[in-house]
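Protein chains in written order, with my numbering: chain X, 1122 to 1615; chain E, 3 to 337; chain S, 3 to 337; chain P, 26 to 352.
Treat the hints loosely; a few may be bogus.
To be verified - Subject to a maximum C-alpha distance of 30 Å in a straight line, what follows is the list of computed DSSO-like cross-link-like pairs (lysine-lysine): (1) P/K316 / E/K161; (2) E/K161 / P/K210; (3) X/K1533 / X/K1368; (4) E/K161 / P/K219; (5) E/K161 / P/K203; (6) P/K316 / P/K150; (7) X/K1533 / X/K1487.
The set of hints was computed from the structure by calculation and includes no laboratory data.
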Amino acid sequence: MLVMKGIVKQFPGVRALDGVDLDVRAGEVHCLLGQNGAGKSTLIKVLAGAHQPDEGTIVFNGKEVRPGSPIDAIRLGFATIYQELDLVDGLSVAENIYLGHEHSTFGFVNRAAVRAAASEVLTRLGHPEIRPSVEVGRLSPAAKQVVSMARALSHDARLIIMDEPSAALAHDEVANLFRIIRELTAEGVAVVYISHRLEEIREIGDRVTVLKDGRTVAVGLPARETPTGQIVSLMTGRNVEYVFPPKTGRSAGEEVLKVENLTAPGVFADVSFSVRAGEIVGLAGLVGSGRSEILEAVYGARSASGRVLLDGTPVRRGVVGTVRRGMGLAPEERKAQALLLDQSVTANITLGTLPEFAKFGWLDRKRERSEAKRLAEMLDIRPPDPERPIRTLSGGNQQKAVLARWLLGGRKLLLLDEPTRGVDVGARAELYAVIHDLAKQGIGVLLVSSEVPEVLGLADRVLVLREGTVIHQGEAAELDEHRVLDMIMNGRAA
Amino acid sequence: MGEPTTDRPAARTAAPALSSLRGFGEMRHLGLLGALAILVVVGLVTRPANFATASNLVSILSLAATIGVITVGATFVIIGGGIDLSVGAVMALASVWATTVATQSFGPVVMAICAILVGTGAGLVSGLLIAYGRMVPFIATLAMLVAARGLAQRMSDRKTQLIQPENSFIVELSTTRVLGIPMLVYIFALVVVLGWILLNRTTFGRRTYAVGGNPEAARLAGIDVRRHTMLLYALSGLCCGIAAVLIMARTTTGSSTHGDLYELDAIAAVIIGGTLLTGGRGTIVGSILGLLIFTLITNLFILNGLNTSDQLIAKGLIIVVAVLLQRRNLKERAP
Amino acid sequence: MGEPTTDRPAARTAAPALSSLRGFGEMRHLGLLGALAILVVVGLVTRPANFATASNLVSILSLAATIGVITVGATFVIIGGGIDLSVGAVMALASVWATTVATQSFGPVVMAICAILVGTGAGLVSGLLIAYGRMVPFIATLAMLVAARGLAQRMSDRKTQLIQPENSFIVELSTTRVLGIPMLVYIFALVVVLGWILLNRTTFGRRTYAVGGNPEAARLAGIDVRRHTMLLYALSGLCCGIAAVLIMARTTTGSSTHGDLYELDAIAAVIIGGTLLTGGRGTIVGSILGLLIFTLITNLFILNGLNTSDQLIAKGLIIVVAVLLQRRNLKERAP
Amino acid sequence: TSNEPAAAPSSAAPAASTAPAGGNDQPGDKVVIGFSAPAADHGWIAAIAKNAETTAKQYTDVEFRPVEPTNDINQQISAVESLISAKVNALVILPNDGQQLNQIALQATEAGIPVINLDRVFPDKLAYRTWIGGDNYGMGVAAGHYIGEALKAKNVSNPVIVEIQGIATLPLTQDRSKGFADALKTFGFSVTAKQDAQFTVETGNEVATSLLQAHAKIDALWNHDDDQGVGVLAAIKEANRSEFIMVGGAGSANAMREIQSGTSVLQATVTYSPTMASSAIKLARLIAQGKGMSDLVENQVPQSITLASETITKDNVAQYLELGFES
Ligand SMILES: Nc1ncnc2c1ncn2[C@@H]1O[C@H](COP(=O)(O)OP(=O)(O)OP(=O)(O)O)[C@@H](O)[C@H]1O
Ligand SMILES: Nc1ncnc2c1ncn2[C@@H]1O[C@H](COP(=O)(O)OP(=O)(O)OP(=O)(O)O)[C@@H](O)[C@H]1O
Ligand SMILES: [Mg+2]
Ligand SMILES: [Mg+2]
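If we strip away everything but chain X, and leave its shape as in the complex, we get (with noise of 0.2 Å):
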């Protein structure tokens, strides 16, 4: 149905394609697996029509084309949901899944019609509770993500592309994603599918190509039968899986953090815990669970009732103080709460600590940059240049040097929300290596992850939340993955 063939994409300075093959199937879901900059977004947005390829042929149906802009695609029935979040906050639910292809006469918005339309929808995403004329901005990321997977759909279109369309998502949302998907493919809609997640990968694909350095390492394995080890050391070069490091050689200490009845009326209440130096805790729970919002009030972003105590003194309100303090914010959504995105990779990394580089207001530069290329050399941040602006990094390679800004300063507690989200599989086992280490070094880490596994295999307590109350806390390793879910889901406290 489609073929790409030897697709090239130069941007200045970067060959984020190097002649890449992709073959997809009518009525199948093709997966794209990558490491964080191979290249998989900027070949989805080629197909898409918003970038233009410099070499390279598109066959579709047969017939050659060149989506010379997103409306050429659209026509050629080529829907895509995008790996950022490409949403108007301005325009309701509505508009922005009818935007471009709105219901109108003579230019005039037939608005009983796109609400009816988004609506239908919204339902069928199983999201009826989503208003279509409700602004987009007063969502949650989760449910943006729902947006854009309506917008999608709201085309009818003979291919979809989703570039890491769950990386938003909970557990449950992901399985209704999955039941859409199946129910697109029935009706011989090719799918086009990107995540970091293999599991995923296993139950949804059918057929998997692999990029690496804007290169077809592979093309179309079977999804189910490849064996994890061949996927990972194609991608990577290397034979590693997602290992998580021994638990053992880090002791917990004193006490650092300590909340006592965090309360926010309405998000979470009555919220109580520790976290000791040298210890992981991992939050779990559902979007929406108000896991964000609770590191938040921890980090002082966010009014709240109770008490939060680091090194056994209370917490003020507001941000500089507590980063003064040693704490430190890896926050969930990287281009809105972290980025400087004309900033190169070293303004951005040095950004909370930078009275660390300065004597009397005075930066020292060489330093900064010097502290920069460490971390970037140790977290692999690709390409390896520190100077560049951090825009036209990879969004995984974003998230490490989002992560790399808190490895600096001597932090006592890191707070991190989502530190993997969107991360490749290599990556991601040198990152759980760094949070291991950083515990190891004494620090006390507070984890979000909307990844179980995750959290079970890096933390060493877990707490357990619904609806914004605790519903269990407990030693990591009394728990496993099923007995999790099924507290998270259904409230049942083990």
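Given chain X, work out where chains E, S and P with the ligands should sit, using these hints.
Frame of chain X, contents of chains E, S and P with the ligands only:
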């Protein structure tokens, strides 16, 4: 710049109660209406005999009409993520062009059409420079401001051009009254209503929000962002052309000095009305309310005969208070 | 006006050679330098006897000094994601305050300090309104503009206040020359250098980029965004205070009419210099080059005895050409 | 050009000086006089507003009703509208632009309110009852004559004569320039270069700075306005130039002091006296009360009164000094 606090909970609890009122779309303008109400009260108290008269209301609306039409155009441009500094100058140019001896010889209808075409043309040029020349809107329209004023001065030889008696139809827009209200107020009202419909009920309007709020998303959704951007400036120019007709009617002249600093007034009205300078958000109703606040302030000063210096100081303070009031109101429902 | 097109190929072929210069950060200013060069050539060709004289260069720099100092402050504010419309009015207020009879009785040093304090104070008030009152910068500083002009008129009773002979030290900043260059040009240069250092070599500067580029990220990285925002406006006010001293030196007066429309000129210079109105990006060097382009254009026109209307038209065209040239240059290296 | 010292402070006395005016200053019917002028952001205009107000306050039978001064035509129209609907007994209007306010003045007249047109004239005579104002053309002529005579005395041929105008789009600027050029022509001279400023100190300074660069040697310079003249003089001082003579315009106190000092390049200024505002108020009162001007034979106030532009030099400056307005 203020820190964006993530006050989601408030939004959540307030949402249901408010949603019932939403259809009126008035909620967000509560602060503005409050400010207007206060000004009206001040007017009633300080000048009971003069303020609430029909003739004073008509005079307020006539005063607001010219810049009001421009404000409608400016609202579109600013929601679309741009800015148009050239409005006053383009209006002046259009008024001069329409009152040259040559144009006047064709009669009043041609004069009006001429003004509108000149305005639209100038807007189109700015739009081309911005959309296809990729110039920053601030600079492109600043250049247009400067050039249009220069051209207007050249065309008029820096003289004020009177509308000839045979073309007094134009002047009558200001002097003829229907139901006690001058024609130009009706024109103003018509432009506001058409602008509202265009913004809220058509694909063009809805896409304006997308182009201003997230141009990349708009592009990916298949909107021709460049063409749309260009059209927004043309629309602003069109409004300037209509405004030129109104100012010709009011002053009976075309002049290169018309509309001095209108750009600041129009932008201020739009922003006080709640439209973000960054684009993607805003309403026509808000802009018009913002404009009426400014006009009312001026009118009150005129009625009370305050001296200029005190007026300026008072104006500054009133703006601050009005905005802080509005802000307070917004905060209670902030997303 | 010279053929700007002739320069294009030159710029193009020069590009690769220059890329090695990248460390100097000059690359991005190539378009501006090109535009400046063209203007200089035009000057040399049209007025060979007057243009390239030392005294003309000095007079260009003296003309640029006042607004140049303001431009430095405006660059900070705009990189920090804000805008300051009040600069001209605040400068006028500072100049009036510093030349009142009471202030003058304390001698020139107190006068200068007074101007600087008034400027900084006014900036601080705007900053407070914006950072803690959460007002939109455009509106807050517009209010400050209006109020400061009013206050200046009140204080001066709308009269031009002459600097008394015993305080002629202030005037001497403009008349005393060191190495043939008036003191005020040195002050200008000093402000530019200090501004550059502050922006590029200190945590304050780095935070300014962060606050303007992504305030939420800055906040979560532990920067006190509000305090920083407030300081930016205070800094802009400080620059206005210094500019007030310079304008007093040049005109020998304090007046409420000083600095009319400086806001537009300063913002235009900053933006032509490549700073984004949305914040997070920009350079001092670019702003100053932008300003010099404007000053040079005016100087050339007057040397050549062009009338104002033609000047305006030509200015509009030159802005467009300069920006398009710069854009072209940017595009070749765009990310 | 009335240059005779004898022809002292002419048509209208300044507010302070008491002119014996027959019985006209005796209290009469109570009248409300509306007043509208451009924004007082300029010394001359400020003096106009102030003179009008002080004069009005001298009369117990006058209620003075000024409206917001503005430089925006649209707003001035609105301001006059408000005075019309307030039914004042007489209107004194100094329009931003006579042509643009003609219509509204006409409306006032039609509504039975006598309009006293101050300075900038309405093109339509039906629009006003009386006009009083300065002589812009005559002002240019006076300046041209002074410069012509001075240069002829020095025997300069082909002199470099520079002119710094006020706001170029005002008809009064164009009239002044025309008078200047016409007067110079009688001497066989012409203007070498002219630039316009904005009537402010700062713009005067800016324009002068560059003009001085453009002309290495200048013989004479006429600056239309003494307000901006402060800036022009500062620029001249800074450039350290003194080879030419300078003539000012309007007649500010500051310019007169400068002339009196005898050391300045500024050697003369041609008047355009803001005292006309005082006279306008007096006329408005007389018209509203149905009185005439007691020094004249006529029963009614005349239709138009033109102030003469007088030339102030070192020789006669002492007499004028008290009339000068502080810019
Ligand atoms: N606009 C751009 N300008 C310059 N370089 C770019 C641009 N977009 C992408 N790149 C580069 O192209 C390469 C491929 O990036 P791409 O986003 O396609 O990776 P990806 O496989 O989607 O990674 P991830 O899994 O992290 O999303 C990276 O090296 C990235 O830095
Ligand atoms: N309809 C809504 N209107 C306004 N706010 C909402 C709405 N739905 C959810 N929210 C807010 O968005 C938040 C979404 O949760 P958030 O994603 O922060 O939770 P989380 O548990 O941290 O999940 P994750 O970080 O894994 O996405 C909710 O806590 C709530 O405050
Ligand atoms: Mg990607
Ligand atoms: Mg979250």
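Comparing the hints with the structure gives:
For the hint pairing P/K316 with E/K161, the CA-to-CA distance comes to about 37 Å; that exceeds 30 Å, so the pair is violated. Between E/K161 and P/K210 the CA atoms are separated by roughly 24 Å; this keeps the pair inside 30 Å, and the hint holds. Proximity of X/K1533 to X/K1368 is assessed by CA-CA distance (about 19 Å); at most 30 Å being required, the pair is judged to hold. Between E/K161 and P/K219 the alpha-carbon distance is near 18 Å, which keeps this suggested pair within the 30 Å criterion.
Distance restraint check for E/K161 and P/K203: the Cα-Cα separation of roughly 14 Å lies within the 30 Å cut-off, and the hinted pair is therefore satisfied. In summary, the hint linking P/K316 to P/K150 is supported, as the alpha carbons are separated by about 21 Å, within the 30 Å threshold. Only pairs whose Cα atoms come within 30 Å are accepted, and X/K1533 paired with X/K1487 is accepted, the gap being roughly 26 Å.
Hint 1 alone, counting from the list given before, is not met by this structure.
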